[in-house]
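> According to my numbering, the stretch in the sequence shown is residues 861 to 1177, in order.
Rather than coming from a laboratory, the hints here were simulated on the basis of the structure.
In this text the structure is predicted, and so the values were computed from the model without any measurement.
Ideal Cβ positions, reconstructed from N, Cα and C, are used throughout, including at glycine.
Hints are supplied without guarantee of correctness; some may be wrong.
What the hints assert, rightly or not - Per label pair, the in silico range of CB-to-CB distance:
1. D1105 / R952: 40 to 50 Å
2. C1134 / G920: 29 to 39 Å
3. P1061 / G920: 44 to 54 Å
4. G902 / N1144: 17 to 27 Å
5. S1110 / D1037: 54 to 64 Å
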Amino acid sequence: MNRFPRIVFMGTPGFALGVLQTLIQKQYPVVGVVSAPDKPAGRGLRLQSPEVAAYAQAQGLPVAQPVLLKDPAFLEQLRIWDADIFVVVAFRMLPDAVWKLPRLGAFNLHASLLPQYRGAAPINRAIIRGETQTGITTFLIDHQIDTGNILFQESTPVGPDETAGSLHDRLMTLGADLVCRTIDALAAGTAKPLPQPQITPLYGAPKLDKETCRISWDQSPLEIYNLIRGLSPYPTAFSLLQTADSEPTSVKIFQARPIENNHSHPLGTILSDCKSHLHVACRNGYISLLEVQAAGKKRMPIKDFLLGFRNSGAFFI
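With the hints as extra help, turn the sequences into a complete structure.
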C-alpha cells in the first residue's frame, strides 16, 4: 500500500468542506465524494448543492448524492470507486453495508474530545456549558453514533469570549490536519484504535432546536452569556421584545457582556439610556446587549439599534 490510499470523502456542510479542501491541496487521491442531495433554497426555491458537493464538482471529482444510503445503485457506485478508506465529516449515520466496504476502514472526524459531546452539535454545546477545553477526535465507525474506537485526539483551549463561529473555524483547521494524520497511520498500519473511556457524567450534544435558542432570563449572567456565544453566529440566541403598543417581536443577540450585580428588577427589565447601552435584568445581574438583529432588520451594533428604540414600557420575555 502506498502512502496515499484511495479515499472516498463523505460530508455536507462548511466544516466538512475545509477538510476536503485540505485533502485536495495535499494531493491525497480522493476518488469520490458523497454528500447530501440538493435542496431548494432562497426566495425562488432553486435547488442548491451542499458546500461539499459544489466544491467537489468544481474540482472535477465524481460526486454521489444519495437519498437512501442503502440504495443498491449507490452501493454499486462505492464498489466501483474501490476506495481503501472512507473519511466521514459531518454526515449521516452510515449503515453497515456502507462502512464495512473499505479495506482499511471508515473513520469519522468529530468536533469534541469523545466520549464527551456525542451528537450533532458538539461545538455549540461545549461553549453553552462553559467548557474551557475541547478538541477533535477521529474514530472508527461502528453500529452506533459516535461510539467507535478512538484513533487520534487533539485538545485545544476554549477562550472565555470565544464564539461557536470562531471555535468552528479553529477546529476545522485542526481537524483537517488530524484527518491527514489518521489516513497516513491507517495506510502505514500504525494506527492503534482504543475503546472510548467510560466517563460520568457524560455530556451529550443533541441537535439544536428553537427552544434551546430562546433565552431564559431566569438564569445567571454567565449562563446566558455562554448560551449567546455558543449560538453565535448561528443559529443565534434570541428573546422576545414586548412593547406597550405592539405584539412581541423576536430579537437575535449575537454579542453581549455579562454583568454580575444583585438587584430587585423583574426578570427581562430593560435599563437603557436609549443612546449607548441596553442592559437586561436576569438572575443576579444583567446582560449588556452589544450586537443584535430585530425581526425584519439588519444585524447591528446596539447603538444603531437604540436610534429607533423607545424604552417606555418595553421588556424582554
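> Does each hint fit the structure? Answer for all of them.
To see whether the hints hold, each was checked on the structure:
no. : hint                      : result
1   : D1105 / R952: 40 to 50 Å  : holds, 48 Å
2   : C1134 / G920: 29 to 39 Å  : violated, 57 Å
3   : P1061 / G920: 44 to 54 Å  : holds, 48 Å
4   : G902 / N1144: 17 to 27 Å  : violated, 44 Å
5   : S1110 / D1037: 54 to 64 Å : violated, 39 Å
When each numbered hint is compared with the structure, violations occur for hints 2, 4 and 5.
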